[in-house]
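Taken in sequence, the protein lines are chains L and C.
Numbering-wise, this note's numbering puts 34 at position 34 of the first sequence, and it's gapless, one number per residue.
Numbering-wise, this note's numbering puts 256 at position 256 of the second sequence, and it's gapless, one number per residue.
By construction, these hints were calculated from the structure, which means they are not laboratory data.
Careful: at least some of the hints might be erroneous.
Listed below are the simulated DSBU-like cross-link pairs for lysine-lysine, each with C-alpha atoms no more than 30 Å apart in a straight line [to be verified]:
hint, chain 1, residue 1, chain 2, residue 2
1, L, Lys31, C, Lys17
2, C, Lys15, L, Lys219
3, L, Lys219, C, Lys22
4, C, Lys30, L, Lys219
5, L, Lys28, C, Lys12
6, C, Lys8, L, Lys31
7, C, Lys15, L, Lys31
8, L, Lys31, C, Lys19
Non-contacting residues of chain L with respect to chain C, defined by C-beta distances greater than 10 Å in every case (computed) [claimed, not checked]:
hint, residue
9, Gly50
10, Ala183
11, Gly202
To list a few chain L residues with every Cβ distance to chain C over 10 Å, as calculated [to be verified]:
hint, residue
12, Met1
13, Thr9
14, Leu17
15, Val58
16, Ser79
17, Gly174
18, Ala175
19, Ile196
20, Ile197
21, Leu207
All of these numbers come straight from a predicted model, not from anything done at the bench.
All C-beta atoms in this analysis are idealised placements derived from N, C-alpha and C, irrespective of residue type, glycine included.
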Amino acid sequence: MSTAQKVYTWLDERLGLTGIYNVVLDRKVPKVNWWFTLGSASLFLFVMQGVTGIFLTVYYVPSPDHAYDSIQYIMNGVSFGWLIRGIHHWGATLMVVVVSIHMLRTFYLAAYKYPREVTWLTGVVLFLATLSMGFTGYLLPWNQRAYWATTVGTEIPGTAPLIGPLVTRVLRGGADLSAVTLARFFSVHIWFLPAIIAATIGIHIYLVIRLGISSIPDKDD
Amino acid sequence: MNQEFKQKYLDKYYKAKQKGVKFFPDIIYKDMIVSFGLFLLLLGLATFVGVANEPKADPSDSSYIPRPEWYFLFLFQMLKYFPGNLEWIGTTVIPGVAVLLLFLLPFVDRNPYRHWSKRKVAISVMSVVVAGIVGLTMLAAVTTPPQTEAAPLATSLSEQIALGQDTYSIQCVECHGADGEGGEIIGVEGLEGVVLKPINDQDVMYTFTDETLYNVVNFGQPAQGMPPFGKAYGGELGPGEIEALVAFMRYTWDDRAELPPEAEQRAAPPALAENEVPSYEVHIAPLVKRYCISCHRPGKKNNNYLMQSYAEVMTSGDHAPNVVAGDLGSNLIRMLHREEIEAGGPMPPTRALKPELIAIFERWVLGGAPETAEQAAQLAAPALPPPAETLQVSPVITITLTAPVTSPLPVTATLTVTVTP
Numbered sequence: 001m002s003t004a005q006k007v008y009t010w011l012d013e014r015l016g017l018t019g020i021y022n023v024v025l026d027r028k029v030p031k032v033n034w035w036f037t038l039g040s041a042s043l044f045l046f047v048m049q050g051v052t053g054i055f056l057t058v059y060y061v062p063s064p065d066h067a068y069d070s071i072q073y074i075m076n077g078v079s080f081g082w083l084i085r086g087i088h089h090w091g092a093t094l095m096v097v098v099v100s101i102h103m104l105r106t107f108y109l110a111a112y113k114y115p116r117e118v119t120w121l122t123g124v125v126l127f128l129a130t131l132s133m134g135f136t137g138y139l140l141p142w143n144q145r146a147y148w149a150t151t152v153g154t155e156i157p158g159t160a161p162l163i164g165p166l167v168t169r170v171l172r173g174g175a176d177l178s179a180v181t182l183a184r185f186f187s188v189h190i191w192f193l194p195a196i197i198a199a200t201i202g203i204h205i206y207l208v209i210r211l212g213i214s215s216i217p218d219k220d221d
Numbered sequence: 001m002n003q004e005f006k007q008k009y010l011d012k013y014y015k016a017k018q019k020g021v022k023f024f025p026d027i028i029y030k031d032m033i034v035s036f037g038l039f040l041l042l043l044g045l046a047t048f049v050g051v052a053n054e055p056k057a058d059p060s061d062s063s064y065i066p067r068p069e070w071y072f073l074f075l076f077q078m079l080k081y082f083p084g085n086l087e088w089i090g091t092t093v094i095p096g097v098a099v100l101l102l103f104l105l106p107f108v109d110r111n112p113y114r115h116w117s118k119r120k121v122a123i124s125v126m127s128v129v130v131a132g133i134v135g136l137t138m139l140a141a142v143t144t145p146p147q148t149e150a151a152p153l154a155t156s157l158s159e160q161i162a163l164g165q166d167t168y169s170i171q172c173v174e175c176h177g178a179d180g181e182g183g184e185i186i187g188v189e190g191l192e193g194v195v196l197k198p199i200n201d202q203d204v205m206y207t208f209t210d211e212t213l214y215n216v217v218n219f220g221q222p223a224q225g226m227p228p229f230g231k232a233y234g235g236e237l238g239p240g241e242i243e244a245l246v247a248f249m250r251y252t253w254d255d256r257a258e259l260p261p262e263a264e265q266r267a268a269p270p271a272l273a274e275n276e277v278p279s280y281e282v283h284i285a286p287l288v289k290r291y292c293i294s295c296h297r298p299g300k301k302n303n304n305y306l307m308q309s310y311a312e313v314m315t316s317g318d319h320a321p322n323v324v325a326g327d328l329g330s331n332l333i334r335m336l337h338r339e340e341i342e343a344g345g346p347m348p349p350t351r352a353l354k355p356e357l358i359a360i361f362e363r364w365v366l367g368g369a370p371e372t373a374e375q376a377a378q379l380a381a382p383a384l385p386p387p388a389e390t391l392q393v394s395p396v397i398t399i400t401l402t403a404p405v406t407s408p409l410p411v412t413a414t415l416t417v418t419v420t421p
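Whole structure, please, built from the sequences with the hints as guidance.
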């Protein structure tokens, strides 16, 4: 037995790598088409957003005095800062597109039906969390577009009867958009939502592996 | 769905799996191709499209037309159909019901069949919703008016300084002088005769932080006569422009700050070669912008002499023309030489232009006051050598009027001479 094999056996005995391989990778799945790649594509985009986002936090400052300038610095001063921000910016758009089409594919091929109802539920959570990421991330550059879009965006729930004004206050952290709003949008964007998304992706993928990829329905289904 | 249906589905799915493929490598490889394609797409978008540079948030500028990220446009558009008291239906009821339905879909849709031909209702409803969302998004994109003149944007420090210089030239020069030297204010309504301290010296630069400078420009010092310039207080400048202005002042006048070489180059008067005829666009416009335009623009006391374009410089004003090509006795030149004439007093009022700058104006007027660099080059070009067979034509034509011309209208005579060898 070579050294590499010995190391592998040692690890396998303790980590159960062969078991993971058998369950996760070596499983049989029905023949499906290219539309079925969008789930993993969504995961890929989430990871890209996570990686570029982490790099952006190195220089980004979530305060009204410095947010705009810190992004100008990322774009003009930091090596490849423009690339990281560009990927993060377009990644958001692409992720909304890919996640939406993934969801429509699930709907049109009836993949949300028995036994995959819970997978669908977690999927809806992921879809809404993705949109919320878009909404909270939009404010962070603290430019005119961001400021006024968020002003209007946080006004919208305020029109709801009874609890509306309270919701707007909670979203803004006060009567108007301020440093508090930016701080909480930042926090939600980089901690709350990613944590929710990561956990939900875990459940989603566990269910996909447990139940198998749905097959394409034929005329008898 | 009853037990029998469930069992039937599971059995069939089991068979489909047996006839199917291995997740690794068959499915994974497709997934990786798509993800890699998306990665390339992202690189391309980030590199070739990039992220548009937007002006900094300005809470005082309520004229900005808000627009959400494109994937919320349909919501934005839908709200337009629920005005006034009905607004909450569009803002809460419809989105709330939609989200709820989305969650409950597997429980609302009890139809056990999966093929599209057996779920026509569900498919139709979803298709209508999708078409509606796409339609509303397109409608919103088409009907939202374009943003009214975006404020100029500076991305690098030297661009910011250049923008600050332009802003200073327009907004500040009339009182503080072209280089912040101050002095007696002449020709500014309401502030005539006020004597200003310099703002370009160490007293100011060493004791005022950027923030102080920003606040002074933004709010003004109304008790001392300085009006507010920030939009928030009724002025013309947004935060980005005031920041640029402060950067310009700091880097130009503070002897502890080092002006970036690129900005220094921009600030220098345009180069002029020995035999070159200056042109308006290359040589005169930057000087006019820096030293004259603060007063010679609409709404200022200037005898209606505006200097914002070539045409205005040549033809506007109560004493027009102030520039006559080839004539060093033009009003403009005489006033630059600080003569007191009918058209007005010395210009700029508080301090003479440097002789080398006046010389550029003189060479421009003498050279024929051309507008573009191309025209200037033609005027400067030495006459073409005469052709071999020279035709001698006496250029002097004398027209003698034998009778006095009496006409209430101006008399114009056109003389066309065609020479055929």
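Tested hints:
no., hint, result
1, L:Lys31 with C:Lys17, "holds, 8 Å"
2, C:Lys15 with L:Lys219, "holds, 16 Å"
3, L:Lys219 with C:Lys22, "holds, 25 Å"
4, C:Lys30 with L:Lys219, "holds, 26 Å"
5, L:Lys28 with C:Lys12, "holds, 14 Å"
6, C:Lys8 with L:Lys31, "holds, 19 Å"
7, C:Lys15 with L:Lys31, "holds, 11 Å"
8, L:Lys31 with C:Lys19, "holds, 8 Å"
9, Gly50, "holds, 14 Å"
10, Ala183, "holds, 15 Å"
11, Gly202, "holds, 18 Å"
12, Met1, "holds, 25 Å"
13, Thr9, "holds, 21 Å"
14, Leu17, "holds, 14 Å"
15, Val58, "holds, 18 Å"
16, Ser79, "holds, 14 Å"
17, Gly174, "holds, 13 Å"
18, Ala175, "holds, 12 Å"
19, Ile196, "holds, 15 Å"
20, Ile197, "holds, 17 Å"
21, Leu207, "holds, 13 Å"
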